[in-house]
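Chemist: Protein chains in written order, with our numbering: chain C, 5 to 131; chain G, 114 to 499.
A hint or two may mislead.
Below, computed lysine-lysine pairings styled on DSSO-like, alpha-carbon distance capped at 27 Å [stated by the list, open to error]:
1. LYS205/G to LYS46/C
2. LYS125/C to LYS114/C
3. LYS94/C to LYS131/C
4. LYS351/G to LYS307/G
5. LYS205/G to LYS94/C
6. LYS392/G to LYS307/G
7. LYS257/G to LYS199/G
8. LYS199/G to LYS94/C
9. LYS46/C to LYS114/C
10. LYS307/G to LYS46/C
11. LYS419/G to LYS392/G
12. LYS122/C to LYS46/C
Label pairs and their in silico Cβ distance ranges [as the list claims (entries may be wrong)]:
13. SER188/G to SER116/C: 50 to 56 Å
14. TYR439/G to ARG97/C: 32 to 38 Å
15. TYR177/G to PRO53/C: 28 to 34 Å
16. ASN485/G to ARG97/C: 57 to 63 Å
17. TYR177/G to GLU45/C: 49 to 55 Å
Non-contacting residues of chain C with respect to chain G, defined by C-beta distances greater than 10 Å in every case (computed) [said to hold, decoys possible]:
18. GLU20
19. GLN23
20. GLY68
21. ALA75
22. LYS114
23. LEU127
No lab work stands behind these hints, which were simulated from the structure alone. In this text, a Cβ means the ideal position worked out from N, Cα and C, and glycines have one as well.
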Amino acid sequence: MTVQAEPRVAIIVNSENSQPLTLQEISNIYNDRITTWNNHEKIDIFNLPTASPARETFSRALLGMSAMRAAANEANRHITNTSRNTQHVKRERLVILSVATNRNAIGYVKASSITQHKNIKVLFYIK
Amino acid sequence: MKQAIATLYLALCLCPAITQAATTAELEARLQALQEEIRAITQYETSNRQDQGMTVAGYTDAAYTVDSRNSISPSIHLHHLSLFFKQEISQKWRFFSEIEFEDTPQFETGNPVSVLVDCGIDTMCGTPDDTYTTINTLGTSEGKIFTEALNLDFSWRAYASFRIGRFFTPAGIWSIDHYPPFVATQERPRHIRKIFPQTTDGITLYGITSVFTHFVSYDLFAGNGEGNSSQEDQNNHKALGLRLNLDLPYLNNFTVGTTLYYDILNDGTDKNAFGMHTKIRQGDVELQAEYANALLKPVIGNSYRKLGYYLQGLYQLDNWTLGLRYDFYDSQTRLKVNETTRSLFVNYHITENLNLKLEQHATDFQDPAVENCYKTIISINASLGH
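Generate the whole structure from the sequences, applying the supplied hints.
Modeler: Here it is in structure tokens:
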């Protein structure tokens, strides 16, 4: 039997983004409670697909629930028209590229995937 | 000659390198072009969402129900097909609507009817010169088609947005979070929709703000009131309501809130309703409870109350949700005709948008003339994009 180790996950923003964030604030961003940066610009939130092990790690550590449950909550906010901010689900490479090219973006990826990128800043590593 | 051969030899040796250099340069140029293209696409997706046009989403569910009462046969119930139409018109304006086809509406033509279309040249109807045609009328119908939501939002700030149109009455939890793919049971707690109305046609001011480490959200709304459609408001009074919600920074989720509602019904009955709700989650355990109480003062006769509450516990185990609920509803406390339901249920989440449910509800009626019952429901629920 093969046991897949939980990936170490890096929470990333654009390197031009100088706003400090706590893990609680990041949780509130992904829980749809905080929708704008301090400069009032809308936060562009990036998520990985539900099946991604990195999303499972992120959801468990930051949101205290499984990735599937977090995705269901997000879908529920959409169909009840209570969602304040849209979360984009992208593959890892596109999350990195989106964050690297968008100063209002926040995302998370497997830590080992970000070594070569200059325009992103790692806020936290979680596992 | 030797020099010419040496030159040719040198040229042949260098040729692959020159070709390689050209290929690498081309690849780098193509890579750069692709990166530019991806950058443009991602910027388009994130900053121009309003240009994506209207999105259509929805949900559907079907259930098989067995009731212990002999008078009710087991049935397969094609319950909902709801379609959501949504568009972000601009960064601040958003349109949302829900058209619900409930209980698989079916319209059939009835008996043909003769209709007079021309009275003939003498303009006296009923003479043999009259012309008739035969049309089919809608004879029978089942289910209903219902505009459950139709509204326009203006988001000024996170703490102040406006919504106008038809929206779910902001009251408690279940009146908003009620869609079958995302709630644990097909049966809703008994008092839901009986104390606060299901929808409101009107306007609401809503928002969220942080207070230290807490988040306060509110919905302050005014509407036509119960029983008054958008087409016709039958009384001069507008219903008023306020829902407050406080997210506390404890556990994974700790929410408490209250709802106030005031309305004068079309028959003149004065209605004051009050509710409280809470949702607590830590890890795989979630507790949810609501209480609601309405005092109704008719123009003639005695005042009475409607009262209801429920307490629900859920446990998540991988793709499974296990749960139980106790709920109570008294439609007229003066007459003491209450009912209680104890529910046990299990959900299997195939994906975040598709689940299966098995639930059993045991209901006891205080009125001895009403037969107590058990109901078992097996259902499949799907959320169709979002």
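Chemist: To test your reading of the hints: which numbers does this structure violate?
Modeler: Result: hints 10, 14, 20 and 21 break, sorted rising.
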